[in-house]
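With these hints in hand, go ahead and build the complete structure from the sequences.
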Amino acid sequence: MPQPPHAPQQSGPAPETTEHHARAVVVGTGFGGGVAALRLAEAGVPTLVLERGVRWPTGPDSTTFPRAADLDARAGWLTDRSTTPGVFTRWAPYTGLIETLRGRGTAVNCAAGVGGGSLVSHGMTLQPAEEHFALSMPELADAYGDLDRWAYPAVARMLRLGTIPDDVLAADAYRSSRLFLDTARKAGLETFRLPVPVDWDHVRGELEGEHTPTYITGDLAYGVNNGGKHSVDVTYLAAAEATGRVTVESLHLVRDLALDDRGRWLLHVDRLGTDGTVLEHKRITADAVFLAAGSPGTTRLLVKARGKGLVPGLPDAVGTGWGTNGNRAYAWVQMDDDPGRPQGGPSCVGGRDPRSPIPYTVVHAGSPILPPSPARMMALAGCGIVRPEGVWTYDPEADDAVLTWPRSADADVAKLIAERMDAFAEAGGGFVADTSPAEPATWHPLGGVPVGGAVDRHGRVLGHRGLYVLDGSRIPGSTGACGPAMTIAALAEHSMAALVRTDLGEVF
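Residue numbers (UniProt numbering): 1 to 508.
Any given hint could be a false lead.
For each label pair, taking beta carbons as the anchor points, the in silico distance ranges come out as [what the hints assert, rightly or not]: (1) 415 to 501: 40 to 50 Å; (2) 208 to 407: 40 to 50 Å; (3) 435 to 104: 18 to 28 Å; (4) 397 to 69: 33 to 43 Å; (5) 500 to 407: 36 to 46 Å; (6) 398 to 153: 36 to 46 Å; (7) 415 to 44: 47 to 57 Å; (8) 280 to 396: 24 to 34 Å; (9) 500 to 186: 46 to 56 Å; (10) 398 to 70: 25 to 35 Å.
Don't read these hints as lab results, they were simulated from the structure. Only a predicted model underlies this, so the values are computations on that prediction, with no experimental measurement involved. Glycine included, every Cβ here is placed at the ideal spot set by N, Cα and C.
What follows is the structure, encoded as structure tokens:
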């Protein structure tokens, strides 16, 4: 079951409750929220953006983010200890980067902070093939032509995507990436370089000793201190704020979504201190609300709203159609060739089997933390198409939504990926172990408010004027054997173009 966030004892007088109104509110600052904020601003709409986490400014030699080898409170969302497997450090709670929700059947890692999941993602920004897109999202299959023609390219331009250059790949820090490519080919995969939102000159600066290493040590899972990563906060959101029409409020946690007695959208929001203390209660009414808090965040809000009767008539499909994107993580150990340590990142090379009955992708995930032993090790990760059979239900005792994920829903693709991992070991020596067989976890949660059943093709919640969903919660379970970032952003671009054309001036 999801664990309620840490709530420290409130000292002093009760927090003040204040009333506010906004024409448009965007909840969340990841790929969907960033797109929504910018396109609303460009259409002339004053927009309030709410984010539960903090801002994480970066630059060369910054110490903003925690280091993977020495985690501290910045790593976790209002926990008193690490949720990273094998790390047992305790600390005072902080509004940190990652919240781990433990459901029935899987754990879910959710980002917090201005920029959402783009802060902690390695940056695998892949566009799925048309046939794989259709397998994952049949309700939107006929939109692929538009997405391919202009929406995916728009995202690529905004995030300034590029693949690892030859000179960087040839560096000693990236010997593990070269070993992956060589072994993957021997194991029967078609290999490729991953498009990632990274300025490779920052990596070259580290290779030349100009900056404290971050990229070349693979220290990216908790943010990139040296900058050069084109995350949402420094691309879409920065452009939105530059218009003067967008206000981003960090440390604003949306507790509930409701309809007020005048039929306006009402958000119950807590303004937090970085220790989780509630400093102010806000009641924010809005003409339009764009939910983009990520699959767990958006789904939990809507499941709660239905369970508590705050929004009558929400579709029955709310809380359904959820999946893990087929995420699996593996450790390849004691291979014949030395992959080196540490291993440069971000994840920049991958492979596919075009003959597989279920599409999947395998990538080199690096290994910034290695045991103090002579063991050779490399982290590998896979994702693929799954059946979207996860369900979220309201738990009144916890006042939260609870996830149930049947392990059978991704068993078929997991078996195919595991077989390919065995082929890696056969081709390159050693063995490959599933790192989380007892409690799988996903970094790519998708679904919960699926298109067709809960929202229309442009994210309008069915039967509810002025309520939109623009994040991964509307994608049923997987994104065509790719990381979801590119598709979430492209769908948001596609939807916002339509909504500005049809709903602006009529609904908000």
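**Report entry** residue 415 versus residue 44 beta-carbon gap, inside 47 to 57 Å or not
**Finding:** Since the Cβ atoms of residue 415 and residue 44 sit about 52 Å apart, the hinted range of 47 to 57 Å holds.
Query - Distance restraint hint 46 to 56 Å, applied to the beta-carbon atoms of residue 500 and residue 186 - result: This hint holds: roughly 50 Å between Cβ atoms.
Query raised in the report: Is the distance from the Cβ of residue 415 to the Cβ of residue 501 consistent with 40 to 50 Å?
Result: The hint (40 to 50 Å, Cβ to Cβ) holds, given that residue 415 and residue 501 are roughly 45 Å apart.
Query raised in the report: Do the beta carbons of residue 208 and residue 407 sit within 40 to 50 Å of each other?
Result: Holds - the Cβ-Cβ distance for residue 208 and residue 407, about 47 Å, lies within 40 to 50 Å.
Query raised in the report: Okay, residue 398 versus residue 153 on CB: inside 36 to 46 Å?
Result: Holds - the Cβ-Cβ distance for residue 398 and residue 153, about 43 Å, lies within 36 to 46 Å.
Report task. Hint says 33 to 43 Å; check whether the CB-CB distance for residue 397 and residue 69 agrees. Result -> At roughly 39 Å between Cβ atoms, residue 69 and residue 397 fall inside 33 to 43 Å, so the hint holds.
Report task. Given the hint of 36 to 46 Å, check if residue 500 and residue 407 actually sit that far apart at their C-beta atoms. Result -> At roughly 42 Å between Cβ atoms, residue 407 and residue 500 fall inside 36 to 46 Å, so the hint holds.
Query raised in the report: Is the distance from the Cβ of residue 280 to the Cβ of residue 396 consistent with 24 to 34 Å?
Result: holds, 26 Å
Requested in this report: Confirm or reject the claim that residue 398 and residue 70 have a C-beta distance inside 25 to 35 Å.
Outcome: holds, 33 Å
Requested in this report: Just tell me: holds or violated, for the beta carbon distance of residue 435 and residue 104 against 18 to 28 Å?
Outcome: Holds, since residue 435 and residue 104 (Cβ atoms, about 21 Å apart) stay within the stated range.
Every hint, counting from the list given before, is met by this structure.
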